[in-house]
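**Q** Since the structure of chain A is already known, use the hints to place chains B and C on it.
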Amino acid sequence: MRTVFHVSTVDQLSYVDAKVTNLLADETVPVSHVAVVVDNPAVIDAAESGDGRERVETVLAAGGDDAETAFRVCSNALRGATATLDDLPHGVERASSGVGELTRLQADGWAYIRP
Amino acid sequence: MRTVFHVSTVDQLSYVDAKVTNLLADETVPVSHVAVVVDNPAVIDAAESGDGRERVETVLAAGGDDAETAFRVCSNALRGATATLDDLPHGVERASSGVGELTRLQADGWAYIRP
Amino acid sequence: MRTVFHVSTVDQLSYVDAKVTNLLADETVPVSHVAVVVDNPAVIDAAESGDGRERVETVLAAGGDDAETAFRVCSNALRGATATLDDLPHGVERASSGVGELTRLQADGWAYIRP
Chain A
1 MRTVFHVSTV DQLSYVDAKV TNLLADETVP VSHVAVVVDN PAVIDAAESG DGRERVETVL
61 AAGGDDAETA FRVCSNALRG ATATLDDLPH GVERASSGVG ELTRLQADGW AYIRP
Chain B
1001 MRTVFHVSTV DQLSYVDAKV TNLLADETVP VSHVAVVVDN PAVIDAAESG DGRERVETVL
1061 AAGGDDAETA FRVCSNALRG ATATLDDLPH GVERASSGVG ELTRLQADGW AYIRP
Chain C
2001 MRTVFHVSTV DQLSYVDAKV TNLLADETVP VSHVAVVVDN PAVIDAAESG DGRERVETVL
2061 AAGGDDAETA FRVCSNALRG ATATLDDLPH GVERASSGVG ELTRLQADGW AYIRP
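Residue numbers (our numbering), protein chains in the order written: chain A, 1 to 115; chain B, 1001 to 1115; chain C, 2001 to 2115.
Same shape as in the complex, but just chain A:
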């Protein structure tokens, strides 16, 4: 199974890593892919440093050998942020749009969670 988490606030960023970790630790649910999609400039800026950056890095490392995790930021939101894609942790990807990515993944069978 595959799950996408839709993050739009700094508060949601502060616990989405725990949600991703809980999902991957749930042995009753075979999860192969998890993505976090961010569509808000303030969250992108929060992901550049400090606690926010650690959350992103935790998500990107959470899959280990068993699952793929991704962290994607909306290109529209990137334009409104101070941080650039290069300022974010290695592995963060640009999505054409947050809402487009959320649509595409669900159309491909991913579950959606608003944390």
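Honestly, the hints are just simulated from the structure, not real lab data.
Each residue gets a CB set at the ideal place from its N, CA and C atoms; glycine is no exception.
Among the hints, erroneous ones may be present.
To be verified - A few chain B residues that face chain A, going by a derived Cβ cut-off under 10 angstroms, partial list only:
#1 1031
#2 1112
#3 1113
#4 1114
Unchecked claim - Going by beta-carbon spacing under 10 angstroms, a handful of chain A positions derived as facing chain B:
#5 15
#6 18
#7 39
#8 49
#9 70
#10 76
#11 96
#12 102
#13 103
#14 104
#15 105
#16 107
#17 112
#18 114
**A** Chains B and C alone, transformed into the frame defined by chain A:
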């Protein structure tokens, strides 16, 4: 692909038009239908005039020749609102229930986004 | 059709029963199963007594003879709560994880609603 946005607060109404516009502008995602479903009386009242009304009109016009957009309000929420369906912009439709409409669309393959 | 409501705040608990009732009362949508999934300790504690407990009991009774309703709490959130599963209304179930349950149900075709 088809996407439904679930709007329950006046704050969500204030930016859902931008989300719909971003989705339809994303050339990497072929979107044929977008719906906004409102299930809260305060949002219905906000959609009657001023900025809220403009947001609704933007959503209804956003598809152009390429996609169909709809704006639907829950009949239960309508009973709690001061505004009536006739007070809302032309094109706004009544849904039997907001949660019923969200269930029906997802069962038919639509993606769900909580903006 | 089947629908899962994802509840993470006490505020969401305070009206999720009305949403479930509205969904089951919508005769245009044939709904056979509704589940509420809670992934937050504060909501679990609120579900132990008073108004919160009544909401849970309303959800569990809402299906009548026509639909099955379930109320499930995340085992991770249970560990953070003061209330135990035995303190909650009869019929409340433990989910291995909230996010796992939300993934499993959507992968099985359930609609997702963030109330």
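**Q** Hint by hint, say whether it matches the structure.
**A** Consistency of the hints with the structure:
Because the closest C-beta pair between residue 1031 of chain B and chain A is about 7 angstroms apart, less than 10 angstroms, the hint holds. Against a cut-off of 10 angstroms between C-beta atoms, the interface hint on residue 1112 of chain B holds, since the closest Cβ of chain A lies about 6 angstroms away. At about 6 angstroms, the closest approach between the beta carbon of residue 1113 of chain B and any beta carbon in chain A falls short of 10 angstroms, and the interface hint on this residue holds. For residue 1114 of chain B, the interface hint holds, since its Cβ comes within 10 angstroms of a Cβ in chain A; the closest pair sits about 4 angstroms apart.
The interface hint given for residue 15 of chain A is broken, as the beta carbon of that residue sits about 16 angstroms from the closest beta carbon of chain B, more than 10 angstroms. With its C-beta approaching chain B no nearer than about 19 angstroms, residue 18 of chain A sits outside the 10 angstroms limit, and its interface hint is violated. The interface hint given for residue 39 of chain A holds, since its Cβ lies 8 angstroms from the closest Cβ of chain B, which is under the 10 angstroms cut-off. Proximity of residue 49 of chain A to chain B is violated relative to the hint, the smallest CB-CB distance being about 26 angstroms (cut-off 10 angstroms).
This hint is violated: residue 70 of chain A has a C-beta 16 angstroms from the nearest C-beta of chain B, more than the 10 angstroms allowed. Of the supplied interface hints, the one on residue 76 of chain A holds, with its beta-carbon coming within about 5 angstroms of a beta-carbon of chain B, less than 10 angstroms. The beta carbon of residue 96 of chain A comes within 4 angstroms of a beta carbon in chain B, closer than 10 angstroms, and the hint placing it at the interface holds. Residue-level restraint check for residue 102 of chain A holds (minimum Cβ-Cβ distance to chain B is 6 angstroms; threshold 10 angstroms).
Evaluation of the residue 103 of chain A hint against chain B yields a held restraint, the C-beta minimum of about 4 angstroms falling below 10 angstroms. For residue 104 of chain A, the suggested interface contact is upheld, since its CB lies about 5 angstroms from the closest CB of chain B, less than 10 angstroms. Interface restraint check: residue 105 of chain A against chain B, minimum CB-CB distance 8 angstroms, threshold 10 angstroms, status holds. Nearest Cβ of chain B to the Cβ of residue 107 of chain A: about 5 angstroms, under the 10 angstroms cut. The hint holds.
For residue 112 of chain A, the shortest C-beta to C-beta distance to chain B is roughly 6 angstroms, which falls under 10 angstroms, so the interface hint holds. A hinted interface residue such as residue 114 of chain A counts as satisfied when its beta carbon comes closer than 10 angstroms to some beta carbon of chain B; here the least separation is about 4 angstroms, so the hint holds.
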